[in-house]
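For chain A, the structure is supplied; the task is to place chain B on it using the hints.
Letter by letter, the chains look like this.
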Amino acid sequence: MDLDLTAAQRAFRDEARAWLADHVPTAPLPSLETAEGFAAHRAWERTLGADRWSAVSWPEEYGGRGVGVVEWLLFEEEYHAAGAPGRVAQNGVNLLAPTLLEHGTDAQRARILPPMARGGTIWAQAWSEPEAGSDLAALRSTATRTDGGWLLDGQKTWSSRAAFADRAFGLFRSARGARPHHGLTYLMFPLDAPGVTVRPIGRLDGKPAFAELFLDGVFVPDEDVIGAPGDGWRVAMSTAGNERGLTLRSPGRFTAAAARLTALWRERGAPEDTALRDRVADAVIGAEAYRLFTHAAAARLAAGEPIGAESSLNKVFWSELDLALHETALDLLGPYGELADDAAEAPAQGRWAEGHVFALAGPLYAGTNEIQRDIIAERLLGLPKGRR
Amino acid sequence: MRFLLDREQREFARTLNTLLGAADTPAAVRSWAAGDPGPGRALWGKLADVGVFALAVPERHGGAGLHPVELALSFVELGRHAVPGPLVETVAAAALLGDPDGPGPTAAAPPGGLAADLLPGIAAGRSLVSLCLLSAEQPYALDADAADTVLVVEGDALRRAGSVGPVQRSADPARRLARPGPGPVLARGPRVRAAAERAAALAALATAAQSLGLGRALLDATVGHVRDRTQFGVPVGSFQAVKHRLADTLLGLEFAEPLVYAAALALARGAADDRTVPAAKVAAGEAAYAAARTALQLHGALGYTEEPALSLWIRKARALRDAWGTPAAHRARVLAP
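If you're matching them up, the sequences are chains A and B in order.
For the first sequence, the positions run 1 to 388 when UniProt numbering is used.
For the second sequence, the positions run 1 to 337 when UniProt numbering is used.
Bound-form chain A, shown alone (with noise of 0.2 Å):
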């Protein structure tokens, strides 16, 4: 058992470092949330991916640099550490490539991963439905035959930075089976196709981070369809349970909160305010936490164990954090805590703000922490499953 580097390992992390020392923008680029913030972070995009940063851990014939999980936890510590913008090509890099890694033919991935490192191509998610939400295999969105393809119909909604994407993916529904997770087929499709209609939708702070998709015969051909037709289901969870399960919020991202934290502390907190400081200890033995068991599980995964459920305890444990720690911090700020990001005297140019509107629904996507407890609880500790 060990946490040491190898020489390779520190010379990759040293090579990030000076890089991000090199190009991260000095001040911080508008909200992505926004037309304007959304083309200053797909421009970043383009520069992470000339030279090849922005995701490391691809194979290099697509963009990436072919290395390991540990080398990922590095770059995401580098990256987050240097304070560069957040990452607007996520979807497509952290969800959907290791789709079509495990699941899309060598075409799909020679087609669609090199624009996507490059920036070129911003993908959004098309996964909930008016009527399915939790319940995700409630969904109604149809997939069609027809020459070719597929004709697509029906509504999706809360379609993370689809407002602004080039492309969504989704799970539609191409045949009425016996079980709601039968006949479900995985499509890619573009947002400015005909038959397509975006609606962006207001956050909680009114910016369009997502938006409604309204489909009418949208035509999709084959080579769009990722993994067999109606098998979208199984294609679309079974990455859920290795990599992407790991790594889909960083430790380095909450890491460096977490340091950003303890200097806003020394700065702010009042020495006799011990609840305030037990707070801020908190969220660094957290976010400490987290890295660690990151480490372990690539470990684990390393070791040919699965993850599987396991990855339950990472959502439901950063999503918390994520909002302990910016809670703390605007208390930490006192009256200038309610100030929204965009406020011209807003501190820390609004970072604080703008994190904890991200933070508030950690806990509700990508598998609400309801949900996840009752994976924990019913997976990983054996308990009976019961009504919801």
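Keep in mind the hints are simulated off the structure, nothing from the lab.
Each hint should be verified, as a subset may be incorrect.
[Said to hold, decoys possible] Per label pair, the in silico range of CB-to-CB distance: (1) A:Pro306 to B:Leu302: 34 to 40 Å; (2) A:Ala263 to B:Arg269: 43 to 49 Å; (3) A:Gly120 to B:Ala194: 55 to 61 Å; (4) A:Glu61 to B:Thr15: 22 to 28 Å; (5) A:Leu101 to B:Gln240: 31 to 37 Å; (6) A:Gly334 to B:Glu11: 51 to 57 Å; (7) A:Ile201 to B:Thr15: 28 to 34 Å; (8) A:Ala82 to B:Asp24: 33 to 39 Å.
Even for Gly, the Cβ is constructed at its ideal location relative to N, Cα and C.
Quick look at chain B alone, frame taken from chain A:
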């Protein structure tokens, strides 16, 4: 990097778990609490036979050298089975006496030195040592009445307590607390103080590991109970409120565990200003106490009853959470500049 116990380490943990599972530790705890350390001492002998105490004793004194990772995994098992006695204090005392930069031989010590006098007995499981870093934070020596030797560090002086005060009952019946009395100073100086700080870090680590094992046992017992216990015609473990509480208990323990092993690695490296030990102590102590609260709540009135062995685990959690540094003290250390 391979942040995972290796096969040998896991095998060692399994051996301990099997050994202790067959040892009827609740009976040993009840005897210990009643002032009869006999069965507990017999258990210590078995632990010594498989090499637990040797993990804190230098080779020249009959040990295996200091092995924080193996000590941590051992203490997880000791906590899982609620083994009684000054386990943490004995290994911390061994680390203090065996510390190459520690007190060393002194004029006041027995011929051959204090280390040579005490360490072989510790490694063999014959010698129970209580250690108290006497201060406002640590007024008592644990199990001083049952220990063969009570060592006290006060400021930069190491002494052997010649007597101990009356036993003060702990909320955990297995823990017998007493104020250490005066005794001959064996060594004095900055090396004593520095070595005592290192020993305290090892004690905090061992306590954290013990908490982790204790919490695991409480969770396992409670999961078993809610699967068996039916109300309204179904197992109470099928209710979402029950499930979510148990899920939170598992979360606390699962995220404390890597902190405990990272802290052990830090001590193995000799990292002096490491924050990982206090972080581990906070996380494991709080997680185990939360597990005890969950166990109490989900066992219902049974959890509030003294007679079942479960009560021995439930009552230990709070004491371990506060031993060798309260959560508040360790949180302050996490943020120390």
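Now for the hints, and whether the structure bears them out:
In this structure the hint that Pro306 (chain A) and Leu302 (chain B) lie 34 to 40 Å apart at CB holds, the actual value being about 36 Å. For Ala263 (chain A) and Arg269 (chain B), the Cβ-Cβ distance of about 26 Å falls outside the hinted range of 43 to 49 Å, so the restraint is violated. Between Gly120 (chain A) and Ala194 (chain B) the CB atoms are about 59 Å apart, so this pair conforms to the stated range of 55 to 61 Å. A hinted range of 22 to 28 Å is violated for the C-beta pair Glu61 (chain A) and Thr15 (chain B), which are about 48 Å apart.
Here the CB-CB span from Leu101 (chain A) to Gln240 (chain B) is close to 36 Å, well matched to the stated 31 to 37 Å. Separated by about 54 Å at the C-beta atoms, Gly334 (chain A) and Glu11 (chain B) satisfy the suggested range of 51 to 57 Å. Between Ile201 (chain A) and Thr15 (chain B) the Cβ separation comes to about 58 Å, which falls outside the hinted range of 28 to 34 Å. Here the CB-CB span from Ala82 (chain A) to Asp24 (chain B) is close to 57 Å, at odds with the stated 33 to 39 Å.
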